[in-house]
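Let chain R serve as the given structure and place chain C on it in line with the hints.
Protein chains: 2
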Amino acid sequence: MSYKAPLKDMLFDIQHLANIDQVAQIPGFEEAGFDTAQAVLEECAKFNEGVLSPLNREGDINPSSLKAGVVTTTPGFKDAFKQYAEGGWQGLQHPTDFGGQGLPKTIGAACGEMLNSANMSFALCPLLSDGAIEALLTAGSDELKAVYLEKLVSGQWTGTMNLTEPQAGSDLAMVRSRAEPQPDGTYKVFGTKIFITYGEHDMAENIVHLVLARVSGAPEGVKGISLFVVPKFMVGKDGKLGARNDVHCVSIEHKMGIKASPTAVLQYGDNGGAIGYIVGEENRGLEYMFIMMNSARYAVGVQGIAIAEMAYQKAVTFAKDRVQSRPVDGSIKASAPIIHHPDVKRMLMTMRAYTEGCRGMASVAAAAYDASHHHPDAEVRKQNQAFYEFMVPLVKGYSTEMSLEVTSLGVQVHGGMGFIEETGAAQYYRDAKILTIYEGTTAIQANDLVGRKTSRDGGQTAKAIAGQIQATEAALNKQGSADAVAVAKRLKAAREAFVDVVDFVAGNTKASPNAVFAGSVPYLMLAGNLVAGWQMARALLVAQEQLAKGVDADFMKAKITTARFYADHLLTKAPGMRDSIVEGADCVTALALEAF
Amino acid sequence: MSYKAPLKDMLFDIQHLANIDQVAQIPGFEEAGFDTAQAVLEECAKFNEGVLSPLNREGDINPSSLKAGVVTTTPGFKDAFKQYAEGGWQGLQHPTDFGGQGLPKTIGAACGEMLNSANMSFALCPLLSDGAIEALLTAGSDELKAVYLEKLVSGQWTGTMNLTEPQAGSDLAMVRSRAEPQPDGTYKVFGTKIFITYGEHDMAENIVHLVLARVSGAPEGVKGISLFVVPKFMVGKDGKLGARNDVHCVSIEHKMGIKASPTAVLQYGDNGGAIGYIVGEENRGLEYMFIMMNSARYAVGVQGIAIAEMAYQKAVTFAKDRVQSRPVDGSIKASAPIIHHPDVKRMLMTMRAYTEGCRGMASVAAAAYDASHHHPDAEVRKQNQAFYEFMVPLVKGYSTEMSLEVTSLGVQVHGGMGFIEETGAAQYYRDAKILTIYEGTTAIQANDLVGRKTSRDGGQTAKAIAGQIQATEAALNKQGSADAVAVAKRLKAAREAFVDVVDFVAGNTKASPNAVFAGSVPYLMLAGNLVAGWQMARALLVAQEQLAKGVDADFMKAKITTARFYADHLLTKAPGMRDSIVEGADCVTALALEAF
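For the record, the sequence lines run as chains R and C.
Position 366 (the first sequence) corresponds to 366 in our numbering; numbering is contiguous.
Counting from 1 along the second sequence, just add 1000 to a position and that's the residue number in our numbering.
Next up, chain R with everything else stripped away, as it sits in the complex:
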């Protein structure tokens, strides 16, 4: 079925939760107010609904294929990418200096969601280019920037991230690819990289690989890793493409989902060495790669929201159409569309509440990113930076884990038809499963949340967020409607559970690392659940205000009901999770290895 961008909900978040008007006060974003957001999102919706969404199922049926080192993408992808590039979508958030549109992430994130709802396999190509652009912007030499950035920003070329090797997945200390310095300042790169998304394809003239490798003699471990640009085709001084570089696609993976997206094994240096250019300084590669990864982690979180939205839309359409059985309340005397059955509503409301909650969380995080990078006041930048960094593992970890549940419910709503591939619901279920794995598994996100984001500052950022949530509870109680008060009660219980866990984590990470890391993923899930639920609570306050003003009553009532559902059905999980984390750590690691 075709995708319909949830423009109203996106714009509600951008306006009321992310406060676009405040973003538009930041120098450089003066033009990026609500009206711009609306215009960009509407245009973006047209493109994704019209061009990319119709290609999604085709990508599943006719995945990318490899023949003699050449990857042919799904029919229609190449032309769609041309349109994507010509529409300027690749440059949306990138600096105008290099041909981008310089829009804030607050707007860009919503566009990213549309792209991924319409066609997640396609969207991965621009997603990786974004990462490459950010790494070059931050650490690339002026020369590298001059040669590569404009072409990447325009979508004429695409970018990749080359981290993983057969023995080095989450553990980058084990990277073995090597780079030998050459007299002319370039390097010769050798090694095998796996799981390289769009590592080879036919949608752009050139591919700019960003590759982690060790310079001969570098220290062991992650402190000896450097970052290189290795183009597929060499680039002449005139910007024209020259000879083929010594990097080759030797196979692509046969995956459960995102089949249209070619996942390449790349072989570097089999014929004398691939010519590479160092990015920044030697041995600081991991640091630069984290720039790409942080950008990509947020974007993968948005992928979770995007596929959840799509699964929801498809399930709603089916539930309104499929006629089976009479409603239990006797309101209809004949077999009725299944959306009349309470359990089908429960499934749809669960899908909806998760999706809207995570969208709110991502939107607010995006606004913090914009302020952290561009606000004139250093203190404001710092606060927003801390908030954003706390949000990244939640956006990535929680939104992707929830997408597994939502896409599973999506199949379930379809009943037996959901299991038949032609229906299309199964594709979302299969596609989604990669999201909790790539760009750092949920456990890796949780390590980040525990280590860098909670223990390091003694739980200070976490507690500051808890303080903001407490203020929302007070506002809800002050508002005083039955829904607001009920939501405040659940929010309070979840926030108190969160604070308990933060104390447990901050207090024990050094002394009892096993106990803390035994609960790291549950902590992430609790935190994500809380923050998404908090955004729903904030949305409820706005909706009640707007409703009182008579603005868009149907939408506002639905928002209130969805917020209430989030509180009563999802936030209610939090206290039990606290018990598991704080009181149930020992039994996680108690079993002898031989007993498994």
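Derived by calculation from the structure, the hints in this document are not laboratory data.
A couple of the hints might just be wrong.
As the list claims (entries may be wrong) - List time: in silico DSBU-like cross-link candidates among lysine-lysine, alpha-carbon distance up to 30 Å:
| no. | chain 1 | residue 1 | chain 2 | residue 2 |
| --- | --- | --- | --- | --- |
| 1 | R | Lys510 | C | Lys1333 |
| 2 | R | Lys510 | C | Lys1557 |
| 3 | C | Lys1333 | R | Lys223 |
| 4 | R | Lys240 | R | Lys67 |
| 5 | R | Lys333 | C | Lys1333 |
| 6 | R | Lys492 | C | Lys1492 |
| 7 | R | Lys489 | C | Lys1489 |
Claimed, not checked - Calculated from the model, a selection of chain C residues having no Cβ within reach of chain R, i.e. all distances over 10 Å:
| no. | residue |
| --- | --- |
| 8 | Gly1033 |
| 9 | Lys1046 |
| 10 | Phe1047 |
| 11 | Asp1202 |
| 12 | Gly1217 |
| 13 | Ala1218 |
| 14 | Val1235 |
| 15 | Asp1238 |
| 16 | Asp1270 |
| 17 | Asn1283 |
| 18 | Ala1443 |
| 19 | Val1499 |
| 20 | Ala1558 |
| 21 | Thr1561 |
To be verified - Computed Cβ-Cβ distance ranges for the label pairs, DEER-style:
| no. | chain 1 | residue 1 | chain 2 | residue 2 | range |
| --- | --- | --- | --- | --- | --- |
| 22 | R | Val551 | C | Glu1220 | 44 to 50 Å |
| 23 | R | Lys333 | C | Glu1422 | 49 to 55 Å |
| 24 | R | Pro166 | C | Gly1330 | 47 to 53 Å |
For each residue, glycine too, the CB sits at the ideal point set by N, CA and C.
For chain C alone, kept in the frame of chain R given last:
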């Protein structure tokens, strides 16, 4: 990877939770004590590990295919089915009168688990034959029994269940297939049936279809449905196969999982009418079909346990082998197998606890089934019948829903490799998703739990079970170890949550059906969680007793840790679910249809 039957755990359950010695006191089961159980399970393990497990991945790669009405199953399946039949496995639980072995379900269920762990797609064929056999045993005429039963029990022929039609999935009132009475007492059957598992295949000489259809002039709705036997090949008086009957496979589905199992669209009567024989009386078809379905629902619950076990075994093997990163507690100074990481242990423990808990629940339910059918004392039969009937939706609904989480964790433990089809973990994830759908979706199980199993007797059976659980809590507190007391605390909280929900359900089903059915699936999940956790608590008591006696210390310690994990990490979900069900019903159905 190859499957290794968890014989020790199965026999622990059969001996200590299901009390096989009590089952063996029932007339007819005198030979079916622990020693028999052990001997049968060991033999069964050999067959499934050696013959069926190696074919599982092949079935995913080379699914059944249809050409000119003929279905060719996966290479190796036909021969494996021959071995299955020759080994007497089809007749395990069926009466000796018809060539079966007459063993109790307490033993048969464990064999069913093995079969499904080894090869779920294959196992579906015998599973459906079991249903056909039970329906004929209960309602078939002596003539039908004489012609069909022995051949089905021996595995020479196989059986199918034909319920679903394009417009009639969960809603059997909408069945349109029709049967015209013929002067000779037979019927001519016409109609289209979809989703017919092993509706056509090449593994047996004949296929015995059990088909729901309406006799001309029958009442509308479910009270006008009759059940027919329609053989693929006519059977002569001498038992020899005759002409092809007018039932034909016109297509098979392209599914997300269980690909080796052909899911047929069957066309009845395109050439004058398929000859059918009525089972029992006209218009009582649904009643008889429920016999097949109840048997099949329990069996599908066991499929959930089976695939969870397989996913767990595969994840453990990978986690012990895959080396990535150093343990957070510094216990190993180099990169270590990932099983050393607390979050990997958490995932494996979750998989293990769910699987063992549900296995315990299924084992206890099987013993109740045996007593309910065969115990000489009518009161004992009645009590066990009530208990078993309460368990069926839990075994089916909870064990299959948990299998989705467990197979998802199985992929997650594998990281990126899990998403690659060649690894095999993805197959379990894809295969499992059908389990919450077929033989009645989770919502259908929940309707059964709410309506027939809870409201009808005013919550009496549910409260009786709660009373038994309370007794286990007392025993745990009396035992007094830290683990026992901790488990008792979680069990008490979960049991109290359950009782609250039972009161809510029993008290409101008639007056506020929307409110009750809005929480029907959460109620099922809470009840299943509680009962499985209760079995883990009972297992802990046994294990501490055995440990004190010095019996199999490693196994008993692992059981205690797993029970503790179940309590602290899974039972802790119960109170939050109570809140959602009892206090959060209204928002489930509040949203206007147009707002979706």
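Right, here's what the structure says about each hint:
{"no.": "1", "hint": "Lys510/R x Lys1333/C", "in the structure": "holds (17 Å)"}
{"no.": "2", "hint": "Lys510/R x Lys1557/C", "in the structure": "holds (28 Å)"}
{"no.": "3", "hint": "Lys1333/C x Lys223/R", "in the structure": "holds (17 Å)"}
{"no.": "4", "hint": "Lys240/R x Lys67/R", "in the structure": "holds (26 Å)"}
{"no.": "5", "hint": "Lys333/R x Lys1333/C", "in the structure": "violated (70 Å)"}
{"no.": "6", "hint": "Lys492/R x Lys1492/C", "in the structure": "holds (25 Å)"}
{"no.": "7", "hint": "Lys489/R x Lys1489/C", "in the structure": "holds (25 Å)"}
{"no.": "8", "hint": "Gly1033", "in the structure": "holds (28 Å)"}
{"no.": "9", "hint": "Lys1046", "in the structure": "holds (23 Å)"}
{"no.": "10", "hint": "Phe1047", "in the structure": "holds (25 Å)"}
{"no.": "11", "hint": "Asp1202", "in the structure": "holds (23 Å)"}
{"no.": "12", "hint": "Gly1217", "in the structure": "holds (22 Å)"}
{"no.": "13", "hint": "Ala1218", "in the structure": "holds (18 Å)"}
{"no.": "14", "hint": "Val1235", "in the structure": "holds (31 Å)"}
{"no.": "15", "hint": "Asp1238", "in the structure": "holds (40 Å)"}
{"no.": "16", "hint": "Asp1270", "in the structure": "holds (23 Å)"}
{"no.": "17", "hint": "Asn1283", "in the structure": "holds (20 Å)"}
{"no.": "18", "hint": "Ala1443", "in the structure": "violated (4 Å)"}
{"no.": "19", "hint": "Val1499", "in the structure": "holds (17 Å)"}
{"no.": "20", "hint": "Ala1558", "in the structure": "violated (4 Å)"}
{"no.": "21", "hint": "Thr1561", "in the structure": "violated (5 Å)"}
{"no.": "22", "hint": "Val551/R x Glu1220/C: 44 to 50 Å", "in the structure": "holds (49 Å)"}
{"no.": "23", "hint": "Lys333/R x Glu1422/C: 49 to 55 Å", "in the structure": "holds (53 Å)"}
{"no.": "24", "hint": "Pro166/R x Gly1330/C: 47 to 53 Å", "in the structure": "violated (27 Å)"}
Going through the hint list in order, the structure does not satisfy hints 5, 18, 20, 21, 24.
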